[in-house]
Amino acid sequence: MTAMDRIPILRMGRTLLVTVQVDMHDQLAVRLLDDLTSMITRTRARGVVIDISALDMVDSFIGRMIADIAATSRILDAQTVVVGMQPAVAITLVELGMALPGVRTALDVERGMEMLDDAGDR
Amino acid sequence: MGISTDRIQQVLQSSQVQLLADWVKTLRTVGARRVGGAISDAELQGQCQEFITLLATAAAGASFDDISEDRWQPVREFLASVSRSRGRQGFSPSETATFVMSFKEPLFATLRRAFEGQDGGGLLAEVWEVCRMLDRLALYTTEVHQDAREEVIRRQGEEMLELSTPVIQLWDGILAMPLIGTLDSARTQVVMESLLQQIVATRSPIAILDITGVPTVDTLTAQHLLKTVAATRLMGAECIISGIRPQIAQTIVHLGVSLGDIVTKASLADAFRLALKKLGQTTAAS
Chain A
1421 MTAMDRIPIL RMGRTLLVTV QVDMHDQLAV RLLDDLTSMI TRTRARGVVI DISALDMVDS
1481 FIGRMIADIA ATSRILDAQT VVVGMQPAVA ITLVELGMAL PGVRTALDVE RGMEMLDDAG
1541 DR
Chain B
580 MGISTDRIQQ VLQSSQVQLL ADWVKTLRTV GARRVGGAIS DAELQGQCQE FITLLATAAA
640 GASFDDISED RWQPVREFLA SVSRSRGRQG FSPSETATFV MSFKEPLFAT LRRAFEGQDG
700 GGLLAEVWEV CRMLDRLALY TTEVHQDARE EVIRRQGEEM LELSTPVIQL WDGILAMPLI
760 GTLDSARTQV VMESLLQQIV ATRSPIAILD ITGVPTVDTL TAQHLLKTVA ATRLMGAECI
820 ISGIRPQIAQ TIVHLGVSLG DIVTKASLAD AFRLALKKLG QTTAAS
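Residue numbers (this note's numbering), protein chains in the order written: chain A, 1421 to 1542; chain B, 580 to 865.
FYI, nobody ran anything at the bench for these hints, they're computed from the structure.
Predicted model only: the values in this text are computed from it and were never measured.
The reader is advised that the hints may include incorrect statements.
In silico EDC-like links for lysine to aspartate or glutamate, alpha-carbon gap of 16 angstroms or less [unchecked claim]:
no., chain 1, residue 1, chain 2, residue 2
1, B, Lys806, A, Glu1534
2, B, Lys806, A, Asp1538
3, B, Lys857, A, Glu1515
Residues of chain B placed beyond 12 angstroms of chain A at every Cβ, according to the derived structure [to be verified]:
no., residue
4, Leu599
5, Phe657
6, Arg711
7, Tyr719
8, Arg782
9, Thr807
10, Thr811
11, Ile827
12, Leu853
Stretch by stretch, here's where chain B covers chain A in the computed footprint (C-beta under 8 angstroms, at least three residues) [said to hold, decoys possible]:
no., segment
13, 1511 to 1521
14, 1526 to 1537
C-beta atoms are modelled at their ideal positions from N, C-alpha and C, and glycine is treated no differently.
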């Protein structure tokens, strides 16, 4: 297994930062879900920020994986924010009927972090 | 080729000067008001000259029945350019068609002079053939006129599409998109794309869709609005719909369309106030 086969997860305090910089194929998404959930439990993270600004194409599977990752993290008591979705990706997901209800979104990583901080204050 | 058209061709080849002179004279009397006004003598003379030359060339050996044949190509191109230029000058299609049809008078007069007293029946058949051919050419100018007009309409439609979807930055972080006119699928696509692009470009967390200028809302339009709002939310921004008129609000309820948890405001001003409040809270908390 090479380093390209997985998406790096960075730890920033009690927040995990996932930046998807490559084309997300199905295997990669499944592995990300595994890695992320184990990382959340190991680091006792309270928040996850997933930056998909480099992702310019999605299908229904990847859309579902994004929703699944958010739902799973929430069960593990980590707030998840999906940030930087491209217009084309947003339109595709809406046309596919996947409006991702329950997934929190923000324009960029900075705003996503702010959002998590706000949630932590409460 | 059913009927021999030798005599027509003969006249077209040999009497071009005579035909031209007669034709221009006829045009002067038939459409003296328009022709004299919009087209100069020299231009009209040139057009007539060119038409007769091209017609003589095409008629030599070609069938009169089918003007879509290759041999008629130069004639068609010439008539198309005449039709377009006259259309631009404000001529009606029938005036342009009359230009072609008026050629019958000098042509038939010349034929009569040339073949006076010989084989009346045969000549009549030939006249009928050339008459049909000229009618077809005249109709062709009308078609070209129609096509040119439709082209203009199509282009204006596209221009309106571009003009009618501006995204305005109201405040730092607040975008507004006032929609005017009926929302169909094609337009909504443009609306959605340009709004989302602008959200990315300006990093605005709030967008206001103002539909004060939208006359009616049907299920499809409501669906499109919902999609736009959903896509905006996916990108991490918030969308407020404003300017819903009473009738439209009633229609939406009657149609059974649920706007869900979309924030709606009566006027753009209310939406703007709400947007400012939301931004204020965000900045105060961080």
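Open item on the list: Please list, smallest to largest, the hint numbers that this structure does not respect.
Closed with: Hints 1, 2, 3, 8, 9, 10 contradicted; others consistent.
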